[in-house]
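Sequence lines, in order, name chains W, B and Y.
Under my numbering, the first residue of the first sequence carries the number 1, and numbering increases by one thereafter.
Under my numbering, the first residue of the second sequence carries the number 1, and numbering increases by one thereafter.
Under my numbering, the first residue of the third sequence carries the number 1, and numbering increases by one thereafter.
You can take every hint at face value.
Only part of the chain Y face toward chain B is listed, based on derived beta-carbon distances under 10 Å:
1. Gly717
2. Trp721
3. Val724
4. Val725
5. Val727
6. Leu728
7. Leu731
8. Gly732
9. Phe734
10. Thr735
Calculated from the structure, these hints are not laboratory results.
The structure presented is a predicted model; accordingly, all values stated were derived computationally and were not measured.
Just so it is clear, CB atoms sit at the ideal spot from N, CA and C, and this is done for glycine as well.
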Amino acid sequence: MLAESLALTAALFIIGVIGVLIHRNAIIIFMCVELMLTAINLTFVAFSRFYGTAGQVFVVFVMTVSAAEAAVGLAIIIAIFRHRQTINLKDINLLRG
Amino acid sequence: MEPHYSLFYVFHFYLFGAISLASAITFVTRKSPVTAALWLVNTMFSLAALYVMLDAQFIGVMQVLVYAGAIMVVFLFVVMLLNLGHPSELADARGKWWKLAAGLVGLGLLSEMMVIIRTRLPEQLLVTREFNEQQLQKLNAVGTIAEPLFKDYLLAFELTSVLLLVAIAGAVVLGRGRAAGAR
Amino acid sequence: MLVQAVASVALQDHALSGTIAEWVWLLPVLPLAGFVINGLLSLSGAHFGPDDPNAPGHHPPSEGTAGAATSHGEEAGDAGDDHAVKRHRWAGATSIVGPGVLILSFLLALGIWQAMAVAHPEAPFIQSYFSWMPAGGLQIDAAFQLDQLSMVMILVITGVGALIHVFSVGYMRDDPGYPRYFSYLNLFIFFMLMLVLGANYPVMFVGWEGVGLCSYLLIGFWFNDKVNADAGKKAFIVNRIGDFGFLVAMFMLFANIGVLDFAGVSARAGDLVAGSPLVTTICLFMFLGCTGKSAQIPLYIWLPDAMAGPTPVSALIHAATMVTAGVYLIARSAFLFSLSPVASLTVAIVGATTAIFAATIGLKQWDIKKVLAYSTISQLGYMFVGVGVGAYVSGMFHLVTHSFFKALLFLGSGSVIQTMHAAYHQTHSHEDAQDMRNMGGLRRYLPITWVLMWIATLAISGIPPFSGFFSKDEILGAVFARAHGSTLASATWLGIPGGALLYAIYGIGLLAALLTAIYMTRMMLYTFHGPNRTGVEEAKHLHDAPWVMTGPLVILGILTAVGGWLNLPEVITDLIPLGPSEILSHWLEPVVGSATARVAAGATHVPPTAEEALMGVAVAIAVVGIVFAIVRLKPANVPRKRDAVPEHGFEGVVANKYYVDEGLDRAIVTPTYVLSRSFLWRVVDNGLIDGLLVNGSAAVARGFGWIGSRLQTGNVGIYAWALVVGVLAMLGAFTLR
Chain W
1 MLAESLALTA ALFIIGVIGV LIHRNAIIIF MCVELMLTAI NLTFVAFSRF YGTAGQVFVV
61 FVMTVSAAEA AVGLAIIIAI FRHRQTINLK DINLLRG
Chain B
1 MEPHYSLFYV FHFYLFGAIS LASAITFVTR KSPVTAALWL VNTMFSLAAL YVMLDAQFIG
61 VMQVLVYAGA IMVVFLFVVM LLNLGHPSEL ADARGKWWKL AAGLVGLGLL SEMMVIIRTR
121 LPEQLLVTRE FNEQQLQKLN AVGTIAEPLF KDYLLAFELT SVLLLVAIAG AVVLGRGRAA
181 GAR
Chain Y
1 MLVQAVASVA LQDHALSGTI AEWVWLLPVL PLAGFVINGL LSLSGAHFGP DDPNAPGHHP
61 PSEGTAGAAT SHGEEAGDAG DDHAVKRHRW AGATSIVGPG VLILSFLLAL GIWQAMAVAH
121 PEAPFIQSYF SWMPAGGLQI DAAFQLDQLS MVMILVITGV GALIHVFSVG YMRDDPGYPR
181 YFSYLNLFIF FMLMLVLGAN YPVMFVGWEG VGLCSYLLIG FWFNDKVNAD AGKKAFIVNR
241 IGDFGFLVAM FMLFANIGVL DFAGVSARAG DLVAGSPLVT TICLFMFLGC TGKSAQIPLY
301 IWLPDAMAGP TPVSALIHAA TMVTAGVYLI ARSAFLFSLS PVASLTVAIV GATTAIFAAT
361 IGLKQWDIKK VLAYSTISQL GYMFVGVGVG AYVSGMFHLV THSFFKALLF LGSGSVIQTM
421 HAAYHQTHSH EDAQDMRNMG GLRRYLPITW VLMWIATLAI SGIPPFSGFF SKDEILGAVF
481 ARAHGSTLAS ATWLGIPGGA LLYAIYGIGL LAALLTAIYM TRMMLYTFHG PNRTGVEEAK
541 HLHDAPWVMT GPLVILGILT AVGGWLNLPE VITDLIPLGP SEILSHWLEP VVGSATARVA
601 AGATHVPPTA EEALMGVAVA IAVVGIVFAI VRLKPANVPR KRDAVPEHGF EGVVANKYYV
661 DEGLDRAIVT PTYVLSRSFL WRVVDNGLID GLLVNGSAAV ARGFGWIGSR LQTGNVGIYA
721 WALVVGVLAM LGAFTLR
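Pulled out of the complex, with its shape left as it was, chain W reads as follows (with noise of 0.2 Å):
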């Protein structure tokens, strides 16, 4: 089972790479990394399988960090939002230098 474990964990990750290079939207890129953070944990729960319990330990923390981006993420983008009423990436430039 590993094997395919690994193989669905990589389709999984591409798919979220290809959602955050194609969408604009920055609720939709933000999804999309959560996407990619739940492949890699699918990555650690397979390896604990065979190789021991310090994987799935690991997934807590990923868990953890991913929730509190989350939370953080999303406020910045209610900020911009009210800031400059859009969240479409095109007219979010103002790390411009």
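Using the hints provided, position chains B and Y relative to the given structure of chain W.
For chains B and Y alone, kept in the frame of chain W given last:
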């Protein structure tokens, strides 16, 4: 090396795998954020099933509770708050050439990963199924995770809790709005 | 003293250790101190700006040949001079310091020579002062080497040098650049001494370059006249070409032998295969350096132009010392040249060709200094013939005697020029003071100079018992002896057998001797005999030079007369008991003896009767030359310079030095200018280096910066793309590895 799996097991494994893959593809191709979020939830669910099948029951439960139940809910809250659900206001994805390029990049990455996956891990690190069963018996499902978490990885645990605290504070500050922030 | 303590311990048991020879370092240091002091005096008294006495207009240079603007040497008692010249402020101090350090050096040299004569050292006495270039396999020390060969050169340099310094006190008396002149002259002596005292090729090369520098400084001494400056430049540049040859020879020597000090190379010369292309190439490159420094074909062209400098400079540098450095180098490298018959033959052939070539040009020159210049080139050719056939002693012998009579000739001509100049100055005439067509009958006015210059002329023509006869005859005899059976005779040069070449060289040498006698006698006739063409008014002011100038002339005259006793051939002493024979040969035996023997090995011994016959032939030729000149060249038929008609036909070609300078100008100089200006400057420097490399690299950097700035769009989506593409690339590196 791997134990023989029953047909039942294998069938359901592939079933849930297919569901999660299909859900993910559908999620990526939706235009509306709400629809996309819901399809992502579906993906999470099927992945939780996979976790359970891979002997990570606790993680499976956590996946449902935290990911599907909390994180995705927050996403939906924000979408509702910003009133992004109407198709008329939806932002398009990039043009078709961009999509093609993204597809190629993705394909490239996938093939690279497939090559790298072939690396072998040392055999000494393998643990047998019996060992896992033993652990389960001794500590029960939560204990197998809790014991390393609070013993070997204590520092990481503490740091992560600090991180959570900071994230909460940050999210509150960032989401408060201008009038409140001036004070 | 500190210096002796620093000197190498290895030679503690040399015969000369602990004697006055340990003070050999003081020999060059004294002139160096003179240079510094005189230089400071010159600078402190300098008037820059409109008061500069060297500025044009202040002392207008005379017309005519290059740099005839000598000082206005006024006699103290010469009344009626309306142009009162102010001497340099420090002229008095310079008059003491300048010649003084030289005289001190000479006395020290005498002392060292005495020590050497007593000690009879077999090996050279080497004083190593500090490690100059320790670089990996290369170990070069700043070291002086004192042996019989360098001793001979030291005595010539300091002795003749001291005499010329004293002469200069009178000659350059009223020159505004008086201390500068002496500082340069002292610097020259310093470098020349370093050249002959060097214990290894690099130290010698320092001296080699240094004398080239001083030659440039002194030739262009009156630099306000562009002709003089150009002459100095020409000398330096042509010298440089020779220096390149010397350097290449040094590199090859180091690459193949690994050491560059004379003792080391001499010891390891046996490792080299005799006659191999390697040795020949090294020697030929070294000889290229010699042709530059000693004015042989093809690099002799600077010497006639160098007559633009003051006459004592011509006497010292271009007659007695600097131009002899090439001969010294070959004698010093005898262990190398004796291993390569082809190179030795080349040296001899070039020497002989130069001797006759320059002699033909000298026949048609009217400037008295130019005659002497070509005579110098010709006599240097003789010296090279000598060292080329492996008769190193003969070459050095002729070097010594030549320094005597050539210095005498130059200084004598200096007296003549000075008095002619003074005379023209009195009458405000602008005639050329150096042209023989304006002279004539000067023996009535300059009797002492006349007698002394006749002694020198007889010497250079090879009339016994004057020194020139012995040295010149010895060279020719050596050529003849080695023409049969020696290593040279058995070698082939470009396919021609060496023996035939040597016989041909002998014949050329005789012919050149004939021409020498002719043109020297011609010079004497036109200058001192016949009617006076200077002019009635001027003739009233012609007189012998003051004793400060005539004194050294007398001493040189004596040396010229008795110099032959340095190396009397055994053939003569067997016939007439004149004194000890072959003093110089025995003196130089430890240094060049083995090399001489190696070259002459197998040469058939010339029986004494044959030798005497050869001597008789040489004397006869000299006498024929003199008589021919007296009979055919009538001083009365010589027109004054301003009435002179240009020469035609072959005579015109010879008079114009075979148009060699013009040919070189057209063949080499002008194309180089054109190449430099239109290609190297415009295309390479402006276009390639400035445009492409300097501005181009700046443009590239700016381009990269522009690209980088375009990446900072602020568009987060593009950033995500960049991220993913970067990951793709990195993973690609992993997968493809």
